[in-house]
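Visitor: Sequence:
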Amino acid sequence: MSRNVVKISKAGLLGKILLDLNLITPEKLEIALKEQSALGKVNPSRLGQILITLGFISEADLLRALSSQLSLKWLRFSEFPKEAPAGDYPSVKFMKQYKFVPIAAEDNMLKIAMSDPLDEYVLDALKLFSDKSLEICISGEKDIQEAIEQYFGSSVQMTSIMEGMREEGVEDGELNLHEDVHHLRDMAFEAPIVKLVNMLITRAVESRTSDIHIEPFENNVKVRYRIDGALTDIESLPKRLQPAVLSRVKIMSRLNIAERRLPQDGRIKLRVSGRDIDLRVSTLPTVYGESIVMRILDSGSALISLEHLGFPIEALQKYDKLITMPYGMLLVTGPTGSGKTTTLYASLSKINSSDKKIITIEDPIEYQINGINQIHVKPQIGLTFANGLRHIVRQDPDVIMVGEIRDVETAEIAINSALTGHLVFSTLHTNDASGAVTRLLDMGIEGFLVSSSLIGVLAQRLVRVICPTCKEPFQPTQEMIDEIEYFQRNKTTFHGAGCDNCRYTGYRGRTGIFELMITDGSIRRMILEKTSADVIRQKAVEHGMKVLRESGWGKVSEGVTTVEEVMRVAQEDI
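Counted the way the numbering used here counts, the sequence shown spans residues 1165 to 1738.
What the hints contain is simulated information worked out from the structure, not anything from laboratory work. As the structure is a computational prediction, the values presented were derived from the model and not from experiment. Any given hint could be a false lead.
[Unchecked claim] Calculated cross-link-like contacts (lysine-lysine; reagent style BS3-like; alpha-carbon spacing at most 27 Å):
#1 Lys1306 x Lys1263
#2 Lys1306 x Lys1403
#3 Lys1257 x Lys1433
#4 Lys1257 x Lys1306
#5 Lys1359 x Lys1386
#6 Lys1359 x Lys1403
#7 Lys1180 x Lys1246
#8 Lys1275 x Lys1296
#9 Lys1237 x Lys1306
[As the list claims (entries may be wrong)] Each pair of labels, with its calculated beta carbon distance range:
#10 Ser1222 x Glu1370: 31 to 41 Å
#11 Tyr1491 x Asn1537: 17 to 27 Å
#12 Asp1606 x Thr1656: 41 to 51 Å
#13 Lys1386 x Thr1584: 29 to 39 Å
#14 Leu1183 x Glu1370: 53 to 63 Å
#15 Ser1721 x Ser1201: 24 to 34 Å
#16 Ala1289 x Asp1397: 25 to 35 Å
#17 Leu1426 x Gly1219: 56 to 66 Å
#18 Ile1545 x Thr1656: 52 to 62 Å
#19 Lys1521 x Phe1612: 26 to 36 Å
Don't be surprised by glycine CBs; every beta carbon is placed ideally from N, CA and C.
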């Protein structure tokens, strides 16, 4: 078996390369060599690890030097193929332990990425395992671990869980989606299934996931996480585990495991990594079984202040004035998952004081705020938004927050509350700010009531933030430049190249883009005349309102997000 590895007997050659590249000083090299000598193992890779441990170089510096020293190609994770080459390989546990991964295979050649290409034990093991010649590339430990996760679908923990299922006799036979209820319950309480579901939830919480999707298909069960608003494939479970996994989630959320024909809703409260987590569970029957989505609500997470939501300074100043008005109705609009509730909580937190009584009615209560009376709707016992709001106004509140205006009854009570001296916050599902006006009118609310009570509408979207670790300048295409009509062509734009910090997506975290319409005199007259939303929007723009896309282009020019993100979440102006 041939190898493209040059054996190095003198660790000093690595030191010389690091000196030539001006990555270390002679004094630092001498310290590291003495440390290596004391450990009694002369190996260039070992010297590199010592230099990293001492903080003299980074892992990237070491990989660069080893690549030069050994004449090996240095591969980043972004350069790895998307899928593992077909074939039989050592176990995932062995790959993780010795930090290597196969990345390509041909008739007589196997291409391997290793973090330590001088590890003779690994090379000999691969020689015994495969009769192919090896082509070695050098890669960082994190890149290799990420590739193993992507290629082989799981961590060692998942592998051990699956092995545990076999050892404990979890059935491997034919799938039966109509198992006896008692059998389903027994399977759901088996230790490997409990560990599997707990691991999926724990990994989701630790990776900043907002939703866990467990989706059955013909031959497998997909697990996907929504991170920063985008769905990512995480796991592919064997089809035979479907009844047990779904039953386990349903038992945890106190749902009827015997009911598989109708959608169900439930909740799970548990503690993960020292944090109190609330999961809202929804089941939906599909052709291949029940699909489950778990929305993660972290009640222990810190509230985000208005100043950190992404408001431009001018818009924030105007919004601050609106939330301190003595009465009136303020609406926040946008699709599901656009951050409306977070904005309302930040608004309430800012005006929360001992001289104000604030009451909210929500479904669900996502954050608990000290000093604010919060009510959870319970439609099964008659506590709806409308009924709850009717009783709230008898509690002498100064500020009321209604989680969502879903029907004309709730809208009428909210508007009447605003007209009788209360400041009312609520949300609507509309595409832009002016659309909120027509939505209320379409519900049957009289124009004079809307014009008299509505003080402003805030439309918003969430865009992903460029990862600060791998952020780099980016030349937009001509199509992108044409999209940004006001944008200077010589303006520098950025994107994320992809790194460990962002799971190679180029993004980490999200921020808001906003469209704030203040209902001044001219807009109130247009509401009375039931003018179309487009005309109202144009008038608001003439009075200084920045539309969502313009707010997004501002974020692009600041280097916060990318052109693609703005084009994805904000519709084109017509």
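Visitor: Could you run down the list of hints and mark each one as holding or not?
Guide: To see whether the hints hold, each was checked on the structure:
Under the criterion of a C-alpha separation no larger than 27 Å, the hint pairing Lys1306 with Lys1263 is consistent with the structure, at around 9 Å. Restraint check: the Cα-Cα separation between Lys1306 and Lys1403 comes to about 30 Å, which exceeds 27 Å; the hinted pair is violated. With a C-alpha separation of about 33 Å, the suggested pair Lys1257 and Lys1433 falls outside the 27 Å cut-off, and the hint is violated. Note on Lys1257 and Lys1306: the hinted pairing holds, with a Cα-Cα distance of about 15 Å set against a maximum of 27 Å.
Our distance criterion of 27 Å between C-alpha atoms is met by Lys1359 and Lys1386, whose separation comes to about 17 Å. Straight-line distance between C-alpha atoms of Lys1359 and Lys1403 comes to about 17 Å, which keeps the hinted pair within the 27 Å bound. Using a Cα cut-off of 27 Å, the hinted pair Lys1180 and Lys1246 is violated, with the two alpha carbons roughly 36 Å apart. Between Lys1275 and Lys1296 the alpha-carbon distance is near 10 Å, which keeps this suggested pair within the 27 Å criterion.
Straight-line distance between C-alpha atoms of Lys1237 and Lys1306 comes to about 17 Å, which keeps the hinted pair within the 27 Å bound. Distance hint check: the CB atoms of Ser1222 and Glu1370 are about 25 Å apart, inconsistent with the given range 31 to 41 Å. For Tyr1491 paired with Asn1537, a C-beta distance near 19 Å keeps the hint of 17 to 27 Å intact. At roughly 44 Å, the beta-carbon separation of Asp1606 and Thr1656 lies within the given 41 to 51 Å, and the hint holds.
Between Lys1386 and Thr1584, the C-beta spacing of about 51 Å breaks the proposed range 29 to 39 Å. At roughly 40 Å, the beta-carbon separation of Leu1183 and Glu1370 lies outside the given 53 to 63 Å, and the hint is violated. Between Ser1721 and Ser1201 the C-beta distance comes to about 55 Å, which lies outside the given range of 24 to 34 Å. At about 30 Å, the beta-carbon gap between Ala1289 and Asp1397 stays in the expected band of 25 to 35 Å.
Checking the proposed 56 to 66 Å range against Leu1426 and Gly1219 shows it holds: the Cβ atoms sit about 60 Å from each other. Between Ile1545 and Thr1656 the beta carbon distance is about 58 Å. The supplied range of 52 to 62 Å therefore holds. Range check, Lys1521 to Phe1612: about 29 Å between beta-carbon atoms, so the 26 to 36 Å window is met.
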